[in-house]
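**Q** The listed protein sequences derive, respectively, from chains A and B. Residue numbering for the first sequence follows the working numbering, starting at 1155 and increasing by one per position. Residue numbering for the second sequence follows the working numbering, starting at 1155 and increasing by one per position.
It is worth saying that the hints were derived from the structure and are not from the lab. Fair warning: there could be bad hints in the mix.
The list cannot tell twin chains apart, which means a pair is met if one copy fits it or any two copies do.
DSBU-like mimics (lysine-lysine), calculated; alpha carbons at most 30 angstroms apart, straight line [to be verified]:
#1 K1215 to K1161
#2 K1161 to K1245
#3 K1203 to K1245
#4 K1203 to K1259
#5 K1251 to K1161
#6 K1215 to K1170
#7 K1203 to K1170
#8 K1161 to K1259
#9 K1251 to K1170
There are 2 protein chains.
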Amino acid sequence: MIDFACKQFMLDDVIKCSLGLTRADFALFEFLLEHNREFSTTQLADSLKFDLSTVQRSVKKLFDHEVVIRSQVNLTGGGYVYHYKIADRNKIRSILKNIVSSWAKTVETELNRW
Amino acid sequence: MIDFACKQFMLDDVIKCSLGLTRADFALFEFLLEHNREFSTTQLADSLKFDLSTVQRSVKKLFDHEVVIRSQVNLTGGGYVYHYKIADRNKIRSILKNIVSSWAKTVETELNRW
């Protein structure tokens, strides 16, 4: 439990809010974190019982935030698909720390103006 | 307005929560901030229409947090009273910054454990 200005936060909330994740995004994030290997969007949709379009939107967001990496897998008949995998935990940690420290920085800026 | 983990805070809330101030404590704090000179507890009680005991409790808390300074005023008949004055604004600012940075530190510690 984390205290900030008389409110209490779970670390999960902090993660969710740092990255602006919906419940679905976060479920996918947690799934990838638990299963540290590559998945296609179809596999993710099956495993999580999510619509493919939900999964596609979620992995895109997670990829944009650099907490998920992707690799291009070429198909035998031509074309390719992406496979997704959770990023290195230290990398994720450092992304989150940067966001939290920018929150703290805002308070500091406000206090300087005060 | 300050964002932290999807919640929004006014700077006043941050100040109040940093120092664990009640509404009365904060009113007194603001009063002293606006009137940058010394007051006896009786004068404060009169000005704010607070019970003397409320004022005494509040100034003690503010003094303990070092956001208020006090000076001893000797009475002609013997004995003394304290007069209270807001601390230097930079001093208050630095106290608040330390508290906020310790909140951010907690999140960092939690993330390191994560």
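**Q** Hint by hint, which ones does this structure get wrong, listed from lowest number up?
**A** Hint 4 is the one this structure does not satisfy, whereas the remaining hints hold.
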